[in-house]
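Engineer: Given next are the chains, with one letter for each unit.
2 protein chains.
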Amino acid sequence: MNNKNLMGAVVAVMMLSSMPVFAGWEALPEVAPAPEDNPTTDAKVTLGKMLFMDPRFSSTGTVSCNSCHNVMEGGDDSRTFSMGVHGKTGGRNAPTVWNSAFHSVQFWDGRADLLEDQAKGPVTNPVEMGVTEIEQAMDKVRAIPGYAPYFDEAFGKDSMTVVNAAKAVAAFERTLITPDSPYDKYVKGDKKAMTAQQVSGMETFAATGCTSCHSGAAFNGPKMEFGQGFYTKFPTFADNGYNKKYDLSADKGREEATGKVADAHMFRVPTLRNITDTAPYFHNGSVNDLTEAVSVMAKTQLNKDLSDKEVKDIVAFLGALTGPYPEIVMPRLPATSGYSLVVD
Amino acid sequence: MNNKNLMGAVVAVMMLSSMPVFAGWEALPEVAPAPEDNPTTDAKVTLGKMLFMDPRFSSTGTVSCNSCHNVMEGGDDSRTFSMGVHGKTGGRNAPTVWNSAFHSVQFWDGRADLLEDQAKGPVTNPVEMGVTEIEQAMDKVRAIPGYAPYFDEAFGKDSMTVVNAAKAVAAFERTLITPDSPYDKYVKGDKKAMTAQQVSGMETFAATGCTSCHSGAAFNGPKMEFGQGFYTKFPTFADNGYNKKYDLSADKGREEATGKVADAHMFRVPTLRNITDTAPYFHNGSVNDLTEAVSVMAKTQLNKDLSDKEVKDIVAFLGALTGPYPEIVMPRLPATSGYSLVVD
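Residue numbers (the numbering used here), protein chains in the order written: chain S, 1 to 344; chain P, 1 to 344.
Looking at chain S on its own, in the form it has when it is part of the complex (with noise of 0.2 Å):
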């Protein structure tokens, strides 16, 4: 190397250095993890999107997957609680489907370890799809003629199981990731991805301490493995106007799948991702309004009481974890010719 490449390469290295190295921020992964025993393939994506689309297993027809977890909007369904089978509604809050694959529990009490076994859950619930067992639900696709080659070309013949459907939703919504938000382009050297103001709001996020919490690549927490769940109090302030205003405290949280008193008020801490488009917030879906949020979560966790400046800046900020969504195409969902499955 000449004098005059070595100077080049020292001034490449120095500008390097003069990039914005974030120590904890993270961008997205392009891929999700997946388990050892479901690695994802396109075979079972395909499959996995027509069952996530499909309302038809539901007992009145009407409920799939992506009613209450919209991927055409925020992953959710934009309500307080989610309305299953004949109106009836739950008592927590639609979590998003968006990089949900990057959760290590799932459900807000995580007591799911894996999609896979997520999947199953709403099914069988009385106030979402309703299916007495999931069984009857799997008759239902076993009945649908069309959906058997999908099965074989994704799992092998004779492979119309139910570990395997819900093995092909998970492989679905792992695919259901949003790794080019600003807020990535940003990490990764592209310093006008963000404004000012969201700039600000990040140094401000980790600052107040929202990262205590909020930290990693999804700010869902520490990079933990499948089954290991991040939970937080939440309140762990409880003594404020807040918790009264918004019902904080009503929810047992972790304790409700546990039945452990220490697991009173846990929740998995969850992913902040694309949180413009998932609102209402909280569990209980108690407030509409992120800029409410934020403050809210200063007060009942970190006992902070932040500025309006301060506010408007995390809230600024958290909307460079927000998108873009990759483009999905409708699945066709498979017939039964000439009569329907759905009888209610």
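Calculated directly from the structure, the hints in this document are not laboratory data. Warning: the hint list may mix true and false statements.
[Said to hold, decoys possible] Think about it this way: if two alpha-carbon atoms lie no more than 30 Å apart in a straight line, the pair counts; the simulated DSS-like pairs of lysine-lysine are:
| no. | chain 1 | residue 1 | chain 2 | residue 2 |
| --- | --- | --- | --- | --- |
| 1 | P | K157 | P | K140 |
| 2 | P | K88 | S | K88 |
| 3 | S | K245 | P | K140 |
| 4 | S | K299 | S | K233 |
| 5 | P | K140 | S | K88 |
| 6 | S | K140 | P | K312 |
| 7 | S | K140 | S | K191 |
| 8 | P | K88 | S | K140 |
| 9 | P | K245 | S | K140 |
| 10 | P | K233 | S | K312 |
| 11 | P | K223 | P | K191 |
These figures come from a predicted structure and were not determined experimentally.
On the provided structure of chain S, position chain P as indicated by the hints.
Structural biologist: Coordinates of chain P only, in the frame set by chain S:
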């Protein structure tokens, strides 16, 4: 033209003449007709698809046009009666949206002249989307900042009106057509497009007299101007077991729309296209078997008892009227950033 060319032309004409020519059999046009004041444009179709898929305008935020007219299925919902907000059900079977553009009037009773008029109906139906006044639904559209540019593009500035929203939905629906079914290919000269049984069924269909109502490219009667409906009394022959078994006379049909006794039990003749995918059948969804539906129609409309072979052949022929369906990319529904419009 020299002798050789003349011979070639004669042979060509002879070949054309020897191709199957079915008097009265028509292929579906490649483009659906549109009213003069709403020519179909890409910008309207793009906007209309979004509005068609968006559940947020319903009172519960759970019911979109696509909920009951699911384009991933047969353009309906596989149910006897659709389920709208709060699990409420209506009193008539949801007609398919596929090829609805080829109906000269809309709804079972023809109470809307155009898709533009039809689109507004379910929004304020208390058992469908459940909004009190249609302007309330439109207020929600107007409250979503991301919709404005799409209205601008489709209709010009300051165009966010109910009339334009309905026009956009209608424009999208005019793209929901299936002009490339085996039947269409067959009629256009591809003799291998239908099976021998389907061809036999086609002949039986005509010989039985089904074509007296189910004629034309969409099998819903002769081509008529928008607003001019083609109606038939159902059942025409009421003195048979089917009438009682399936409660066919309970619904007064068009009389309920016009108040005229002369319209009692008159129904718009529905399209038969994609009928294999639209069970259960009839205005009251009372028959969940296409084979039975064919027998019922022959008896109640033509007072004929068909043999098993005749019925099976006709059902096979009806299968040739199905699909293929065009690919639809899911729209991304514009978000409301940091809050939800859905409050119910």
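Engineer: The structure should be examined with respect to each hint, and the outcome stated for every one.
Structural biologist: Hint by hint, here is what the structure shows:
Restraint check: the Cα-Cα separation between K157 (chain P) and K140 (chain P) comes to about 18 Å, which is no more than 30 Å; the hinted pair holds. Straight-line distance between C-alpha atoms of K88 (chain P) and K88 (chain S) comes to about 11 Å, which keeps the hinted pair within the 30 Å bound. With a C-alpha separation of about 27 Å, the suggested pair K245 (chain S) and K140 (chain P) falls inside the 30 Å cut-off, and the hint holds. Only pairs whose Cα atoms come within 30 Å are accepted, and K299 (chain S) paired with K233 (chain S) is accepted, the gap being roughly 13 Å.
As the CA atoms of K140 (chain P) and K88 (chain S) are separated by approximately 24 Å, the hinted pair is consistent with the 30 Å bound. For the hint pairing K140 (chain S) with K312 (chain P), the CA-to-CA distance comes to about 25 Å; that is within 30 Å, so the pair holds. Distance hint between K140 (chain S) and K191 (chain S) is unfulfilled; the C-alpha atoms sit about 52 Å from each other, more than 30 Å. As the CA atoms of K88 (chain P) and K140 (chain S) are separated by approximately 24 Å, the hinted pair is consistent with the 30 Å bound.
Under the criterion of a C-alpha separation no larger than 30 Å, the hint pairing K245 (chain P) with K140 (chain S) is consistent with the structure, at around 27 Å. Between the alpha carbons of K233 (chain P) and K312 (chain S) the distance comes to roughly 64 Å, so the proposed pair goes past 30 Å and is violated. Restraint check for K223 (chain P) and K191 (chain P): the C-alpha separation of about 26 Å stays at or below 30 Å, so the hint holds.
Hints 7 and 10 from the list above are not met by this structure, while the remaining hints are.
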